[in-house]
Amino acid sequence: GCSAFSDTVHILSVGVDERGNEALQVWPVPAGDRLHISGLEATPGAVEYGIWDAGGRQVLTGSVPRKEPVIPVHRLAAGCYVLKLHAVPAGAHLRFIKGR
Numbered sequence: 001g002c003s004a005f006s007d008t009v010h011i012l013s014v015g016v017d018e019r020g021n022e023a024l025q026v027w028p029v030p031a032g033d034r035l036h037i038s039g040l041e042a043t044p045g046a047v048e049y050g051i052w053d054a055g056g057r058q059v060l061t062g063s064v065p066r067k068e069p070v071i072p073v074h075r076l077a078a079g080c081y082v083l084k085l086h087a088v089p090a091g092a093h094l095r096f097i098k099g100r
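Residue numbers (our numbering): 1 to 100.
You can trust all of the hints, since none of them are fake.
Computed beta-carbon distance windows for the label pairs:
1) Ala77 - Gly45: 28 to 34 Å
2) Trp27 - Gly62: 16 to 22 Å
3) Ala23 - Ala46: 16 to 22 Å
Everything labelled a hint here was simulated from the structure, so no lab data went into it.
Glycine included, C-beta positions come from ideal geometry on N, C-alpha and C.
Start from the sequences, fold in the hints, and give me the full structure.
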């Protein structure tokens, strides 16, 4: 029957906080040979980046100029990735898909 006691369940939500970087966008999605970034115009100098695959492995690093930020992704396998931009306020984590 019924019990006077119940189990307590605690839910911890974890994830990437992407608030504050709404102006940043990557395109096209899915990406082909190049991934374009928009919204870096106000960032001084070049922007350092890293790309991580779905398994959490860093697969690409480099820097792009803020005026024409394009990342060559032709060597990446098709799949889901996270682009981390280091030189923007609070950092930025943008998800993208690499096509064939």
